[in-house]
Amino acid sequence: MQQAATLDTPRDTGLGTVQGRMGARRKKLREALSAYGFLAPYLLILGTFTLIATGYAFYLSFFFVDFGFGEPIFYGFKNYQHIWFDLTHNGDFAVGLKNILFYTVGVVTMQTILALGLALLLNQKVRGRGIFRTAFYLPSLTSSVAISLIFIWLYNTHGALNYLLSLVGIPGRAWLFDPTTSLPAIMLLNIWTTAPTFMLLYLAALQDIPDQLVEAARVDGANSWRVLWHITLPLLRPTTFLVTALGTIGSFQLFDQVYIMEGAEGGPIRSTITPVLQIYNTAFKDSLMGRACAEAVVLFVVIFLFTLLQRRFIDTSIQY
Amino acid sequence: MAAISQPATKALPKTFSEVVHDVPPRERARQTILYVILIFYTLFSLGPFLFAFISSFKTYADVLTPSFVPHPFTLENYQAIFTGTYSNFFADYFRNSLLYAGGVAALNVLLASMAGYAFGRMEFPGKTFLFILTLAVLMIPTQLILIPKFLVANSLGLTDNPLALLVPAMVTPTNVFLMTQFLKSLPKELEESAMIDGCSRFRIFWQIILPLARPAMTAVALFSFQGAWNDFIWPLIVQSHPQNYTLTVGLAFFKGNHYTEYNLLLAGAAINILPLVVLFFIFQRYFIKGIATSGLAGR
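In the order they appear, the protein sequences are chains D and A.
Numbering-wise (the numbering used here), the first sequence opens with residue -16 and increments by one.
Numbering-wise (the numbering used here), the second sequence opens with residue 9 and increments by one.
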C-alpha cells in the first residue's frame, strides 16, 4: 500500500491553496512521486519476476544448483562446457535446436504467408466479412492443450485425417508416431492456430493504407498484381517485420503441444524434442537448475541472432 | 410474380445473388473464386472444432467413426467429468482456472491502467527509460526466465498455492503498453480543469480517466483472461498437488491416464474451449481491436 501513502501526501497539503506558493520544483517532485505511486505495483512485479529473474538466469548459469539439496556451488563455465559437449555430440539439446530451427523456419514462413493471404482476401469487398473473420480467428482463441487433445484424435491412425486421405486414395499413417511426420504434423497444427492472430494485424495495417495511393497507381494503369507487389507489400513491411519477429520468438519456445502430444521426451526417437522441453527436463527431471539456466541463455542468444538476421532481410523503412 | 415483387426488393439491400448478377462476368468469376476460398478456409478453421464437439457426444466404440451423427448419442463423457468419477478433480481444476483467469483479469485492469496513466499522461524523471524498458521486456522470450522465475517464486513461498499463479501475472508489460497507448490518446484538457480545482492525481485517475478507458480496459481484461485460462507451462511447474492444478494442467494429466479414450479427451477439450468461445462472442469487437493495436493476444 505504498502508493496510497504517496498519493495521500499531496491531498493533505491541499493542492489548491498551496499551489501559488509552491515552487515549480516542489510541484515537479510531487508529480514524480504520484507517478511512481501509480507505477509502484507494476515496477515491483516487473522488477521481481522479469528483471531480477533475467539477471538470476545469467548468474545461475555459472552455478551448480541441485534444487532442494543445498546451496548453489560456483561452477565456472562447466554448465556451458556440458552444453558444448552436448552440441558437438548430437545430444538432446543439439537435436532440440536442430528441430526448432527447422520448425521455426517452416512455421514462420507458412504462417506469415497464410496470414497475409487471408488478410488480403478479407480486405476485398466481402459480404459477411465479420463472420469470416470470427470463424478464422477461432483456432487462435483456444488453448494449446485443448487443441492438442483434439489433434491427437484427428491424427490417430483411425482418425479423421487418415479417413479424408483415404477418400482421395492416399494411404494413412500414424502421424504422431512416425519420426518423419511427427514434427511436420505439429507444425501444421501451429500454423493453423497462430496465423489468424497475425491475419488481424495485417488486416489492421491494410486498412491504414491510404486509398489515394492505390487509386493513383490504378489511374497510371497498374493491374491488381502490380499494385499488390509495388504498393501494398512494401507498405506492409513494418507489419511483416513485427509478424515474423513475434512469430519467431513464439516458435522458438514450442513446448505445450509437444509435451501433450508426444510427451516430455519429445518422441518418437527425439524427432520432436525442443530446447524448451530440454530445459524443462534438465530443471525438473534431472533437477539441474544451473544447467537449465545455461541452456536458456544459449536459446536466448540463438533467438536474438535469428531476430537480428530477420531485421537485415526485411527492410522496415517505408518510402512513399 | 417477378414483376410484382420488383418494387419491394428494390428498396431492400441487395441480396447476394443480385450483387453477383450486377457485376461483369470477369468480376463475377473473381468474386466466385473469392467466396469459394473463404468458405473453404472457414471449413478448415471450424471443421476440427465442430467435428470434435459432435464427437464428444459419442461413445468410446464410436468416437473414431467418421460420422457427423453420434450413434448412439451419449452424455456419459460429460457426466464422467461433471458428476461421475472425475468430478471432484474437475471441480478443483475449474475453480482454479476461474480464479487464476478472473483474478489476473481484474488485477491487470486496475494495475495496468494505473501504470498506463503514469506513462501516458504524466511527466516524471525516468519515464522514457522505464517505457523503453517495458517495450524491451516484451521481446524477452518468457521461457528464458522460466526457471529463475520459478526459483524466485519458490523463495517467496509462492509455489503450490493459488497465489503462485496470480502474483507474477498480476500486471504484464503487454497490458501496460496497451493502456498507455490508449490513455495517451485521450485529450489533455480532461485533467486541466480538475487540476485547477485542486483534485489529486488519484481522484482524476479514478473519477475522470477510468470511466473513459472502458474499451481499453475491456480488451485488457479479455486478453488477460484468455492468457491465464490457456496458460499451461507456468501452472505445470509451480503446482504440484492436483487440488491446485488449472484446467489445462489437469487435462494434461487426464490425458496421461486416458490416452486412447478420445471420447473423454474431447469432452475435456470442450469444457476448456467453450467458456472462452462464449466470452469471445460477447466481446468480439474488443478482442479484434485489441489484437490489431498490440498484436500480442493472450500473452
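FYI, nobody ran anything at the bench for these hints, they're computed from the structure.
Built from N, CA and C at the ideal position, the CB exists for glycine as well.
Mixed in with the good hints there might be a few duds.
Unchecked claim - Just so you have them, the derived chain A footprint on chain D, three or more residues with Cβ under 8 Å:
(1) 82 to 90
(2) 156 to 170
(3) 193 to 206
(4) 235 to 243
(5) 260 to 271
(6) 274 to 283
So, going through the hints one by one against the coordinates:
1. Proximity of the stretch 82 to 90 of chain D to chain A, defined as three or more residues with a beta carbon under 8 Å from a beta carbon of that chain, is not established by the 0 residues found.
2. With 0 residues having a beta carbon nearer than 8 Å to a beta carbon of chain A, the stretch 156 to 170 of chain D misses the requirement of three or more and the stated coverage is violated.
3. For the stretch 193 to 206 of chain D, the stated coverage by chain A is violated: 0 residues have a C-beta nearer than 8 Å to a C-beta of that chain, whereas at least 3 were required.
4. Coverage of the stretch 235 to 243 of chain D by chain A holds [criterion: at least 3 residues with CB-CB distance below 8 Å; count 6].
5. Coverage of the stretch 260 to 271 of chain D by chain A holds [criterion: at least 3 residues with CB-CB distance below 8 Å; count 4].
6. Interface restraint, the stretch 274 to 283 of chain D with chain A: holds (6 residues with C-beta to C-beta distance below 8 Å; minimum three).
The structure fails hints 1, 2, 3 (numbered hints given earlier, in ascending order).
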